[in-house]
Amino acid sequence: MGFDFAQPWLLLLLPLTLLPLLRRRSDTLPFSAIAWLPDDRAGRLAGLLWRLFAIAAMASAVIGLAKPGHSGGKVLHIGRGAEVMILMDRSSSMDATLIPRDVKSGGQFNSSLPTKNRVVRELLSQFVAKRPDDRFGFMAFSTVPMNIVPFTDDHALVQAALAATAIGRGLPDTLMGKALLAAIDQFAGRDYSGSRIVLVVSDGGAQLDEATQLRIRTGLARERVGLYWIYIRSSPNSPDLMQESGGQYDSVEEMALHKFFSTLATPYRLYQTDDSKMMATAIAEIDRQQNFPLSYYRRVPRIDYCGRFYLAALLCCVGLLACRAVQLQAWSTQPSRFGRSEA
Amino acid sequence: MRWQLPLHVHGIGRSDWSIAAATLFFAVALWLPPVALQRPTVSYLVTFDVTQSMDVEDVFRAGKPQPISRLAAARAAMRDLLPQLPCGSRLGWAIFADYRSLPLVLPVEVCSHYDELLASLERIDGGMRWANASNVGKGATWAVRTARAVGETTRVIFFTDGHESPPLRTNESPPLDDITSGEVGGWLIGVGGDMPQRIPKTTRDGLPIGYWTADEVVQRTDLPPGQSREHLSNLREDHLKKVARQVGFGYRRLTTSHTLAEAMLDPTLAQSRPTATDMRWAPAALALALLLWRFAPALPRRTSVKRKLTTSKNAAVR
Numbered sequence: 000m001g002f003d004f005a006q007p008w009l010l011l012l013l014p015l016t017l018l019p020l021l022r023r024r025s026d027t028l029p030f031s032a033i034a035w036l037p038d039d040r041a042g043r044l045a046g047l048l049w050r051l052f053a054i055a056a057m058a059s060a061v062i063g064l065a066k067p068g069h070s071g072g073k074v075l076h077i078g079r080g081a082e083v084m085i086l087m088d089r090s091s092s093m094d095a096t097l098i099p100r101d102v103k104s105g106g107q108f109n110s111s112l113p114t115k116n117r118v119v120r121e122l123l124s125q126f127v128a129k130r131p132d133d134r135f136g137f138m139a140f141s142t143v144p145m146n147i148v149p150f151t152d153d154h155a156l157v158q159a160a161l162a163a164t165a166i167g168r169g170l171p172d173t174l175m176g177k178a179l180l181a182a183i184d185q186f187a188g189r190d191y192s193g194s195r196i197v198l199v200v201s202d203g204g205a206q207l208d209e210a211t212q213l214r215i216r217t218g219l220a221r222e223r224v225g226l227y228w229i230y231i232r233s234s235p236n237s238p239d240l241m242q243e244s245g246g247q248y249d250s251v252e253e254m255a256l257h258k259f260f261s262t263l264a265t266p267y268r269l270y271q272t273d274d275s276k277m278m279a280t281a282i283a284e285i286d287r288q289q290n291f292p293l294s295y296y297r298r299v300p301r302i303d304y305c306g307r308f309y310l311a312a313l314l315c316c317v318g319l320l321a322c323r324a325v326q327l328q329a330w331s332t333q334p335s336r337f338g339r340s341e342a
Numbered sequence: 000m001r002w003q004l005p006l007h008v009h010g011i012g013r014s015d016w017s018i019a020a021a022t023l024f025f026a027v028a029l030w031l032p033p034v035a036l037q038r039p040t041v042s043y044l045v046t047f048d049v050t051q052s053m054d055v056e057d058v059f060r061a062g063k064p065q066p067i068s069r070l071a072a073a074r075a076a077m078r079d080l081l082p083q084l085p086c087g088s089r090l091g092w093a094i095f096a097d098y099r100s101l102p103l104v105l106p107v108e109v110c111s112h113y114d115e116l117l118a119s120l121e122r123i124d125g126g127m128r129w130a131n132a133s134n135v136g137k138g139a140t141w142a143v144r145t146a147r148a149v150g151e152t153t154r155v156i157f158f159t160d161g162h163e164s165p166p167l168r169t170n171e172s173p174p175l176d177d178i179t180s181g182e183v184g185g186w187l188i189g190v191g192g193d194m195p196q197r198i199p200k201t202t203r204d205g206l207p208i209g210y211w212t213a214d215e216v217v218q219r220t221d222l223p224p225g226q227s228r229e230h231l232s233n234l235r236e237d238h239l240k241k242v243a244r245q246v247g248f249g250y251r252r253l254t255t256s257h258t259l260a261e262a263m264l265d266p267t268l269a270q271s272r273p274t275a276t277d278m279r280w281a282p283a284a285l286a287l288a289l290l291l292w293r294f295a296p297a298l299p300r301r302t303s304v305k306r307k308l309t310t311s312k313n314a315a316v317r
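These protein sequence lines map, in sequence, to chains B and P. Those letters in the first sequence? Residues 0 to 342, by numbering that gives the first Met the number 0. Those letters in the second sequence? Residues 0 to 317, by numbering that gives the first Met the number 0.
Quick caveat, the hints were computed from the structure, so don't treat them as lab data. Watch out, some of these pointers could steer you wrong.
Using 20 Å as the maximum straight-line C-alpha spacing, the simulated SDA-like pairs for lysine to any residue come out as follows [said to hold, decoys possible]:
| no. | chain 1 | residue 1 | chain 2 | residue 2 |
| --- | --- | --- | --- | --- |
| 1 | B | 73 | P | 121 |
| 2 | B | 66 | P | 131 |
| 3 | B | 177 | P | 131 |
| 4 | B | 177 | P | 111 |
| 5 | B | 66 | P | 82 |
These numbers were taken from a predicted model, which means no experiment stands behind them.
Produce the complete structure using the sequences and hints provided.
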């Protein structure tokens with residue numbers, strides 16, 4: 000697709016723009032003996048410019064009204080900031096309500112408490128809102144990873160994808176290994192621009208077999224991606240991973256996953272949602288890293304050129320006024336040029 | 000001799016007020032930001048069936064000799080349609096598998112998020128299906144529930160081939176207790192060919208491993224043995240029309256993107272909402288009219304021949 004007009008029929012007005020070639024009686028001055036007039040080169044030039052400006056002004060206006068533009072075009076953008084792939088657990092366990100901090104017993108299905116999904120959704124939404132320069136991507140996972148929003152500056156779409164996780168129940172299962180590998184893959188082949196982060200949001204551990212662990216380890220190193228785990232304690236038996244030693248009833252899966260991530264050669268951070276300073280720490284951490292600008296193209300439905308033509312018409316009108324300012328328009332209202340030059 | 004400018008500035012005469020006004024109007028046209036006007040817009044949660052029967056390649060597009068898969072055809076139709084929607088309209092994506100729809104992206108404005116909507120649309124594929132079953136009828140009711148949860152004005156587009164797997168029992172219909180027919184408007188869009196085709200089989204990782212065979216799928220029990228051919232798939236229009244009636248949707252078969260545009264822009268499904276509208280044409284048109292008026296030759300007046308002759312003898316100074 001290329002250059003086109005949204006209202007091409009308006010171009011039928013173009014022949015009208017030749018009107019200035021017809022001289023108007025009211026633009027002429029009667030003079031009894033033309034042969035007496037001295038040769039007025041500047042005057043002739045002004046007359047020529049006058050007609051050219053008039054034609055150009057009207058033609059620009061007509062073309063502008065026909066709405067010229069470029070359909071299916073691309074616009075260059077310069078991105079700054081980090082690249083963050085959000086990988087959100089979409090399993091049904093996220094529909095459960097959150098257990099309050101420091102409570103090791105009590106009902107998991109207390110309806111007065113917010114669901115885990117809501118807690119992380121709000122946290123992530125604030126996080127995205129506070130990082131206007133970063134590019135975000137969004138993936139959800141359950142049995143399969145779903146690549147929903149590829150890296151973009153357009154945070155409205157990331158927010159819309161986050162909000163979509165609020166609707167409907169969760170899906171079965173949490174296969175984090177496959178999802179992590181898919182998230183790391185999103186960085187492959189992209190220009191390296193500084194900090195790259197996979198932000199995985201999950202309430203539970205997952206058993207990663209050794210082969211998967213190795214692929215995650217090498218993948219993160221190859222693409223130079225840091226891993227941030229936003230961990231939501233899911234049951235009274237979920238370990239507090241911020242503590243050095245777990246309780247004796249703690250589920251071991253989360254602990255094992257945390258231990259594996261801690262051995263990565265690439266940066267790894269753990270954020271627990273019941274830590275009130277969690278978001279500030281995470282933001283500060285990303286800010287510490289340096290980023291290079293990255294240029295890329297965004298498709299737009301249409302690039303509009305009306306403005307350029309209206310500007311051209313405006314400039315031509317200014318030209319017309321300038322021409323007029325140096326021309327004699329009537330004998331009576333202006334002092335005679337000839338009278339003065341004779342003096 | 001006194002040095003003198005060859006030109007004298009005479010000032011702008013009274014006959015040039017129209018040019019001055021046109022200049023002003025062009026300046027207004029350049030400056031004028033979009034104005035919020037009430038205009039008809041649409042808001043859809045577009046749901047794609049991503050079950051395996053949608054991988055059957057039996058949809059021919061105009062001018063292309065090779066058929067493409069049903070899902071690819073649905074995506075392509077949506078991609079072609081996107082620039083045709085009036086600005087201010089909103090689109091979101093959802094997928095259907097198993098028995099339910101899952102929203103991926105809630106509706107966002109189409110013109111300002113054009114690239115992002117296209118980029119996320121391109122990623123909707125069979126790899127996203129979390130289960131292999133395909134209860135299309137139930138899926139339609141879920142599409143209604145999902146759109147209802149998104150917001151009152153959200154309508155539904157549901158691209159599907161109507162292939163139920165496992166097959167429905169005689170007179171089985173989806174539970175509709177919490178849904179009144181037509182509470183959420185929308186369309187079921189049928190995608191696929193009329194000839195039953197083999198269904199490509201893929202692994203969980205998306206690798207093709209041949210086709211589903213007769214003994215691998217649940218066959219119908221209401222037919223004599225050997226007559227049920229549920230491992231083959233075609234567009235089941237009768238079934239989709241029935242489902243559409245039950246939930247209060249319209250039904251259209253996907254032929255060209257024009258049919259889809261017609262369905263989606265149906266005035267009964269549109270809402271009037273304030274939309275940023277480019278109004279620069281108005282001052283620009285005024286300016287043009289002023290210029291045309293200024294340069295139009297004077298209409299011939301009823302003057303005597305004698306006067307005409309005198310005037311034509313007088314040469315133009317300009």
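Hints versus structure:
| no. | hint | result |
| --- | --- | --- |
| 1 | 73/B <-> 121/P | holds, 17 Å |
| 2 | 66/B <-> 131/P | violated, 49 Å |
| 3 | 177/B <-> 131/P | holds, 18 Å |
| 4 | 177/B <-> 111/P | violated, 33 Å |
| 5 | 66/B <-> 82/P | holds, 16 Å |
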